[in-house]
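Given next are the chains, with one letter for each unit.
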Amino acid sequence: MQKITRDALIEKAQTLLDSGVVTRVLGWKKGDFDYDVTPALFTDIESMKKDFVFGDFCGANFSKYLLKETKKIGVEGKVLVFLKSCDTYSFNQLLTEHRFDREKVYAVGIPCDGMVDVNKIKAIVGDGIVSIDDSAEVIKVETLYDGVKELNKADILLERCANCKSRKHVAYDELMGEDGEVIDSNRFDEVEKLEKMSADERFAFWQNELSRCIRCNACRDVCPACTCEKCVFNNPNSGVENKAAANSFEEQMFHIIRAFHVAGRCTDCGECSRVCPQHIPLHLLNRKFIKDINSFYGDYQAGETVGSRAPLTNFTKEDLEPSEAVNREDK
Amino acid sequence: MFNETLIPKLGVIIDVRQDTPDIKTFRVVSPEGKKLFEHRPGQCAMLSIPGVGEAMFSITSSPTNTEYMEFSIKKCGCVTTWLHQAEVGQNVTVRGPSGNPFPVDDVFAGKDLLFVAGGVGLAPLRSVINYCRHYRDRYGKIDIVYGSRSKDDLLDYQEIINEWATDSGVNVHLTIDREQEGWDGHVGFVPNYVKELGFDTNKIAVLCGPPIMIKFTLEGLRSLGFEKTQVYTTLELRMKCGVGKCGRCNVGSKYVCKDGPVFRFDELDELPNEY
Amino acid sequence: MQRIGVFVCWCGSNIAGTVDVVKVAEALKNEPGVVHSANYQYMCSQAGQELIKQAIKEHNLTGIVVCSCSPRMHEQTFRKTAAAAGLNPYMVEIANIREQCSWIHKDMAEGTEKAIVLGRTAIAKVNLNAPLTPGESPVTKRALVIGGGIAGIQTALDIADAGFEVDIVEKKPTIGGKMAQIDKTFPTLDCAACILTPKMVDVAQHEKIKIYSYSEVVDVKGFVGNFDVTIKRKARYVKEDVCTGCGLCTEKCPMKKVPNDFNLGMDNKRAIYIPFAQAVPKVATIDADYCNMLKNGKCGVCAKVCTANAIDYTQKDEFVEEKYGAIVAATGFNPISMDKFDEYAYSQSKDVITSLEFERLMNAAGPTAGKLLRPSDGKHPHTLVFVQCVGSRCASCAEKGKEYCSKICCMYTAKHAMLTRDKYPDTDVYVFYIDVRTPGKQFDEFYRRAVEEYGVHYIKGMVGKVSPEGEKLIVQGSDLIANKQLKIEADLVVLAAAIEPDKSARPLATMLTASMDTNDFFTEAHPKLRPVESPTAGVFLSGACQGPKDFPETVSQAGAAASKVIGLLSKDKLTGNPCVAHSDEMMCNGCSSCEKVCPYGAITYADKEFRGPNRTTLIRRVAQVNEAICQGCGCCTVACPSGAMDLKGFASKQIMAEVDAICK
Amino acid sequence: MRKISLSNLDGLFAKIAEKSKLYIPVDDNKGFAAFKLWAEGVKMSNALNTVRSAKDFFFPQMENLMEFKTEGKNIEIIDIREEKEDFVVFGVRACDVKSFEILDRVFLSEPVDSYYASRREKGVIVSLACGKPAETCFCSAFGIDPATPAGDITAWKTETDLYLKANTEKGEKLLSQVEGLTEDCDDKAVEEQKKAITEIVKKLPLQNLPLDKFGKGKTKEYFDSPEWDELSSHCLGCGTCTFVCPTCQCYDVKDFNTGREVKRFRCWDSCMYSDFTLMAHGNSRVSQKERFRQRFMHKLVYYPDNNDGLFSCVGCGRCLSKCPISMNIVKVMKTLGGKENV
Amino acid sequence: MQVNEYKPKIVAFCCNWCSYAGADLAGSNRLSYPAEVKVIRVPCSCRVNPMFILRAFQRGADGVILCGCHPGDCHYTSGNYYTRRRMALLFSMLDYLGIEKERTRVEWVSAAEGAKFAATMNDFVQTVTALGENKRLEDLRCKK
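Chains as they are written, first to last, in the working numbering: chain A, 18 to 348; chain W, 22 to 296; chain Y, 5 to 668; chain U, 6 to 347; chain S, -1 to 142.
For reference, chain A alone in the conformation it holds in the complex (with noise of 0.2 Å):
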């Protein structure tokens, strides 16, 4: 697949801006590091020209920011913005509960090879990262201690593009490059080995992730399939509002319910694990339930179209039993 380039991006936004088309674009603003960039609103070309970044620390979802960028009060025109195929799904799952209004946006799709973790870098090559070269598949990275380190962009993959479901993009307004396909990842075998342990393994395996959770709440802050007016962890009538977990107890809860809150809304988009600071799997929650509605009520991908009624929102008369579901074989 070929690369996509900085400079592509913003002659496609100048020539989008200069149009017309759009008044403002979402991208990334570079920082301090090579990795660190943020997120950014750019409306004018000069400023792109001088901040905007891309490359393969670019991997946060956009598709939120939209939620706010279209309710803006007094600005008018649309806003671009850049959509890898896994934001793409995020899009549409939005769309479909008419949390942003189309109208108002310009997805331009870009093809994408996978996105890179810096603590991964950052497990191999250790502390005092001084630049981080990721124009080419090998990737250099010098720090103060060990000097230029080689890695190989493979090795260094988000979990979830290293596990990438789909390089098809199933929502634009127009494409840059050529279109992927769907893949046929291995995104479940983490959950299948989770499956396979006894109940005590799975318990303990748990427990020692979920008793990291500072609940920050960044997975839930950042997940494309949050966007409650007021969580009901935040809602002291909901019954269930907690700030801290006091204990093991509240901290499944936050995780359950969170995920099934999210359940058949979710489109595996992984920016929970990705922003959580204490590195827990919380796409292994996520993909359970994706995999157990997959296997139960016949495959669904959040977000792939518009309006698709969501598995938890929909039943046959044949659906299998809850005891089928936890004695399954296969589950």
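Keep in mind that the hints were calculated from the coordinates and are not lab data.
As the structure is a prediction and not an experimental result, all values here were calculated from the model.
Heads up, some of the hints might be wrong.
Pulled a few chain U residues facing chain Y out of the computed Cβ check, cut under 10 Å [what the hints assert, rightly or not]:
1) E76
2) G77
3) E81
4) N262
5) N288
6) V291
7) S292
Note that the Cβ used here is the ideal one computed from N, Cα and C, for glycine as well.
Based on the hints, put chains W, Y, U and S in the right spot on chain A.
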């Protein structure tokens, strides 16, 4: 183990008075029937019902009252709603006093005083007014301008009519927002009334009420020639700890619960506009 | 804080036998909010109720817990008691300490302990109860019947006879439906037209009934008691109120080759036509697809011959908006298309016909004037083969046909066979069947007469293939009883095509938010207990749109639907169930999850303005529950992730308080 | 100065653990460090720092303050405070050690927070010099020397040995407890390491922050800066930065009703949360911009205002590496502080 | 009587139209089942939010059972079909987290099935008793 300010004292509600349709005044003492703690005019206390919540309220009774404390509370959130259905004998927890009082013994001493309040805004001023009335000879002339939506919404109406208005050197000016049957007093908004009354500037003014009233009353006083250094008010923000540590009630560098709630307008000018 | 009164009932010894009621009353006294606790032998008795009323007044109670029998037994009783004492009836909760406690436990200590927990649970709930008032909505005292077949006709007549106005919307130029096409009816063999046409006339003459023929429902808004319906009156190019139905135009029209759909295309009509002699309304209609005047602007014969000046070539579709309190779906059925059943050579030979076509062939007003003649050559057929279950009971061939039994085919095939043999004794009649199903009054007797008296050859087995050979149709089939393959040289093959809901039902169901099953039959509100109601309040089902039916069944269901409509329209106001869903608009984000799971279509969305930060206004899409439609199942409350949707009377907080009280 | 061979580190830990609980940084299954209770076999992490800061030891994310029992109209207040146990935290970095001073100024100022104070009293801090600071480190910008961290005892780890130097009475006491295991030594190796660290620190990219632009009395200067809009525009409003921050100390007090009693607890709160200042009749910080501004103004202006110019940031870099959108105090300082230079 | 005999806490959510009536019928027929079972009446099984089930465990329940009309017989036509999906997924998730799958159950009990109700409760109590106290989804604050 030493004293912990977060741990409250136990209080008992010994009287509940329905002041206006949505304001009740609660009289609170210790289980032994004594006053819970001493306070200064303008200070606040945290009342709480375990399981419901804790909230900050002005102590509306005067420090000179040695028997009990009173809190005038408007029904708006969950703690206040709960309190409004409480009956005499109900226990509550009380923490305080919090914050800085009005400078009644230095700055105010010997001066003419003007109190301007709107609606439930009278509650924080009542303790100061009664304190100054108690030590009547320490202060000059006292003017009280108080307004509310209607006659029924005037807090402490009986006390105002029967006690305040009858004190010598105390002038009470009441107003309500709209004409009402059975009301032959002034009608109109507080800021306008203050301007109409046209006070001389040789006095200290204290304002309390809804933000919009404060804004226009201050403008009115300024047009009458008052300096901001002569005008005080009290602020209200979300509070939790009441001791300047939990981090939420600050305006700039000042914590309302600790450095306030009493501020002079020139002090407020130094603070960012985030209250 | 509530002021709760607790009343523990002995129920004689039913409860007091295994529950220490005094101890229960004593224990519950200390629960939060309880200000009064009493026990009495029979709380439901006059004296017991009086006790409650007195306590309400004396202790100024705001809530009541009765520890007694099941709420299914006396909840209403105690609600009324509370109401009589001025307390909102929904401030009453029942702790079921009889059916779910004293009757199942033998040990006094155990029973008492559980009764206390159950009482505590009810108290915990009442503490969070809020007074509820059922919503009221007015009722438009007029009904709409969609479909003018026998089902629609019967429903309309019954409603109109009760004194309410009824409109019938029929998409064809005349009412009458399938029954008008049928020759005789089983098992009595009386003439369909003879029993139908008087009813059609009744409809036409009824002052309470208005017929919108050649019309369709295109939009439905509103809810039970208050539907707003838009009806499209298709242009028929004839002024309905002027046309006398003399029929002169239909004779003079030069366009003679218009397939006659009333006779299923087996003969022709003119471009201007009256479907059949007894049509109601008896008004001509121009088929715009064939009329030369409308197509090319040349002709105008009908206008010239019409003495009443009823022809109007400039007519346009009209849209009428009407208000109704109730809607009856009576959209009926159609035989399925035979396209996918080519093994029976339907498309290859004119002499392979469906049973409905056979009806027309046998009908005196049909294309052959009632003479049984082969469509291909007009010759008299000698060997007839009837094939049963064509497209019915297709469990394994669902892509071709239907999985269900079409129910009526066994009987009408017996009728056809019998009538054929009766009129034409020179015929050989064979019937291939899988089973013969005759559960109905006089049904089996009828079938046996066909076999025994009329000598119809019933063959248990399937027809594998029909192939035209010269003038003959070679029918290959198997006889399962004789266990042999058969080959019959037939002159006419009649296929008992499965019946399916009319195609108009699906879009109509969407408009009505009425649910359908996978076969597009309307779903009933309850299959056993509410068979003529749709789950959508105010929408009723009449006839075959709900499932395959014969005439008597259709007519009785039509009457039942009418009685439900009459029951609804006789009310001036509808009082709802106050335990309905409610959406907190401040929390709703308009995701539509709730709407998707609502079985009643009670949830709609509106764009509402909200105050944003810094004096801005935000517009948000929020869910709104129509309390008149909501039945209070609470499905939406769980579909809603934010908890914006809650159920009054069974609020999340209340249920959680119950959970807490039980687990305490 | 005392030293002990790294090979005998377990012995040292065992000895300390005899008298008090000992917490050391330990790697989890993914290689991220967290302070864990030491026990036989628990190995110290080599990571530069823990994901969570060390503030938990004195200001835990959640702690019960008191209990209430209610019956009818009656309330009983139960003081559940109890004497805390002695504990030692080993391996606290210079930045986190400095954070204790910042927290002290909040919790130990009148009226003293007894929950914090009692833990502070019982805890002994053994700090550890940073051999290999990360690119995200900028403690030295705040005058913190990663080569010589404060604490009751300062430790330096070389290839072979651990060097220990007591700074306080508490530290002396602990050192004397382990005297038998350690030996006296000169500070040559330590001085060498310090020099090396100082050299590395000079090379770190974030050393020259425009700190002089911030501090006491700068409220007016920055409060209405137009830059806040853009800086905060993509903030998710999560609590990651505040929860990994060693100096963030905002808390909430809430009640939990167990059905038998009400437990009043406090837990970390975040000024980034929309409900932080929400009241029944409104919110003084209406949008994420105000909340975002509060956090950074507090660190850079308000706190210094109230604390003799001391910044409420120690440059640990946690927010730099953990923020989901990579927005952080460095970017804020560069944007606001750098505007005059442009 | 043994004093230390372990008695589990069981919360049973029953829909008003079928299962609650079934429970009543069990009572009318004097079919006994353990007193540990306490029923909460809900209009339909679809009213039961997973949060209620977790809440029960938090507050000390050892088992939670959900009873509704048989699929196809829902008073509200489709409520229990949604329940079935929701609970299938929820229970599978609980199992995935290592929580004993026997602690949760869904059973369809019609108004006529008093005997089934009693038998189901007997069996469920037996199963949960065998499992012992709920430790994996407990909130120690709520325990005595």
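Restraint check, 10 Å cut-off on beta carbons, for U:N288 near chain Y: 8 Å, holds
Restraint check, 10 Å cut-off on beta carbons, for U:E76 near chain Y: Result: holds, 7 Å to nearest chain Y Cβ.
Closest C-beta approach of U:S292 to chain Y relative to 10 Å, hint status: 5 Å, holds
U:G77 as chain Y interface residue, shortest Cβ-Cβ below 10 Å: 7 Å, holds
Hint check: 10 Å Cβ-Cβ cutoff, U:V291 to chain Y: 3 Å, holds
Cut-off 10 Å, beta-carbon criterion: hint that U:N262 touches chain Y: Holds, because the Cβ-Cβ distance from U:N262 to chain Y comes to roughly 8 Å (cut-off 10 Å).
Minimum beta-carbon distance criterion (10 Å), U:E81 to chain Y: 15 Å, violated
When the structure is compared with the earlier hints, a violation turns up for hint 3 alone.
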